[in-house]
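A.B. asks: Each chain, letter by letter, is given below.
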Amino acid sequence: MKFLRVNMTTQTVQYQDVPDAYALVGGRALTSFMVSEEVPATVDPLGAENKLIFAPGYFSGTSLINTSRLSVGAKSPLTGGIKESNVGGTVAFSLAKLGIKAIIVEGKAPSDNYFVLNVEDENTASLILATQLVGERTYATTKKLHKDFGAGKSITCIGPAGEMQLLSASIQSTDLDGRPCRAAGRGGLGAVMGSKGLKAIIVDRRGKMPPELIDAEKFKKASKRYAKDVRADEFSGEILGEFGTAILVEPINAAGGFPTNNARMGQFDGVEKISGETIARVIKERGGKNKHKGCSQCIIDCSNEFVTKEGEYVTSSLEYETIWSMGGMIGNDNLDAIARLDFLCDDIGLDTMNTGAALAVAFDAGYREFGDFEAAIALVEEVAAGTEMGRLIGNGPDSVGKHFNHSRVPTVKGQSIAAYDPRAIQGMAVTYATTPMGADHTAGWVVDQNLEAFGGTVNARGSKGQVEISRDTQIHMAAVDTVGICDFAQSGLATEAGIGNVFAMMSAKSGQNYGQEEWTELGKLVIKVELEFNRQAGFTSADDRLPPMFYNEPLPPYNVVVKVSDAEMDSTFDF
Amino acid sequence: MQVHVKLYGTLPKLYLGDYPKTGLDVAAWQGLTVAELVQLVPLPHNQVAIVSINGFLAKAADAVPQNAQVKFFQPINGG
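Protein chains in written order, with this note's numbering: chain U, 1 to 575; chain D, 1 to 79.
Source of the hints: derived by calculation from the structure; they are not laboratory data. Where hints are given, some of them may not hold.
Unchecked claim - DSS-like cross-link-like pairs, simulated, lysine-lysine; straight-line CA separation at most 27 Å:
hint : chain 1 : residue 1 : chain 2 : residue 2
1    : D       : 21        : U       : 309
2    : U       : 309       : D       : 59
3    : D       : 13        : U       : 289
4    : D       : 21        : D       : 59
5    : D       : 13        : U       : 228
All values derive from a computational prediction rather than experimental measurement.
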């Protein structure tokens, strides 16, 4: 496989052999190792010295199901630390099938010049001036590029938010239908792409490069067993296809962990109007699509297509985190408005979570009333228009909080929490506070241990055991994000036999013995490298804290605050 | 004594019988626990992982009060 190095300053591209040090990793490990190695921690995230790295997972392009995850890494302009945000769709699989292990974007194009990178095959790529795309939203960008370069191309691009280098800017990528509705949303990496002058990456989807496997037969057998387990699991095999990730709305709300009205409450009165069950029914009645396939190699089909009452496309995919951020978090129970806001964020190129939380802070500060979805839509449109208020919203909750001198800002390291209140599910308090990524639920999702088995295997509203489960899950997820398995296909590795299949595939692909010890060491190494980058960037343990609102304001209905102490937080990465 | 049970996710489909859209009225008794209630509702084994009673999460050993509004949820995963 090759690295494709793209210099935006000189507008040159170069294919390179992959150094041995990076041969056995992909995804998050690769982006974090390379950022750590090649980007000084103190650089301006929006300057020429930062690098933006796109890396398919280690298993992407193999026969293993649900491995079309692309890690995007850089120094984040939002958090000021190292960042990895990953996205599904078609791009990771397409790059792997062209034999490309990573695209490294460095330097900076002359001011106001935007280019598209056209990756044709394993030997041919070029930068093309794209003046005609400046200011275009992602759906229009994709449409034009598909017209000019062919409908079958995978396209990864930014919208106006990325061009304006706003801190909530996402990188959008096309799904199997060619829509730019998949997002590497977190950390403002769209702003980094904008700062480079890179509007889009076009990747040919017709690559046929066989995966590099030392023992192809062993890999094939283990991958088949893995797929069988994912199909057999009720959640990944049935529930996600029928309801999508929105199925989480009701149980998380029941647990009092659905942050509502800027996390003033843990339960939302309008929950039934926006639940997974309701969304699936509405989509079906209107002629939209449930059980929609969004990503290459997917057998779960958790995506959907939300349509208007007249059956016209609105957005894909309407997912749990957005239903929260544009629903309960801003007090909005209007499903059509949530869908519209989801579309606008995709189209403008914005992280739905950071943007919803920014709106919530503005509403909480009295700028508008909670539930005013028309104001929410108008404000997101203002982001694209580049008004002063639009830029505040587009720069995220911290920016809005500063503007209104409002202290109730639910962020860690500048990034908003996700759809699990850390007071009701205290394992998420540990993950939000300590992950090098800023408040990021995917870094260590411990909701199941806090809620299942009739109220959790740990006390969800206490601190005991929370550091341990968050630590273990964060280490595990650093490895999962390295191989590129979709979070929702983790049912395949939930048992001893299941994770054994992953180890078998690691061995078969690398030619090295692989077991639990190597898996854990990989996860630990990734986190250590990320923590060291952040330390060099100026982070201290004081940054591994939740904002005061979570320690001081009891959350209804349980009226509980975060109980995990600072000392416990600081012990999370004692390894 | 009676309690009202609502099923979520694919539980209505898995319910062994005709599941009314408004939920089930289940005949119960004083001291009935959550674990016992789960056994009373005809569902395949191990399909219920989270239970709430009157808006609060319940433990397996918790007693189910009279006229309780109960919600059954399946195991979840996420990220």
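A.B. asks: For each hint, tell me whether it holds in the structure or not.
C.D. replies: Status of the hints after comparison with the structure:
1. Our distance criterion of 27 Å between C-alpha atoms is met by residue 21 of chain D and residue 309 of chain U, whose separation comes to about 23 Å.
2. For the suggested pair residue 309 of chain U and residue 59 of chain D, the alpha carbons sit about 41 Å apart, so the restraint of at most 27 Å is broken.
3. Proximity of residue 13 of chain D to residue 289 of chain U is assessed by CA-CA distance (about 19 Å); at most 27 Å being required, the pair is judged to hold.
4. Taking the CA atoms of residue 21 of chain D and residue 59 of chain D, the gap is near 25 Å; set against the 27 Å cutoff, the hint holds.
5. At most 27 Å may separate the alpha-carbon atoms for a hinted pair to count; residue 13 of chain D and residue 228 of chain U meet this at roughly 22 Å.
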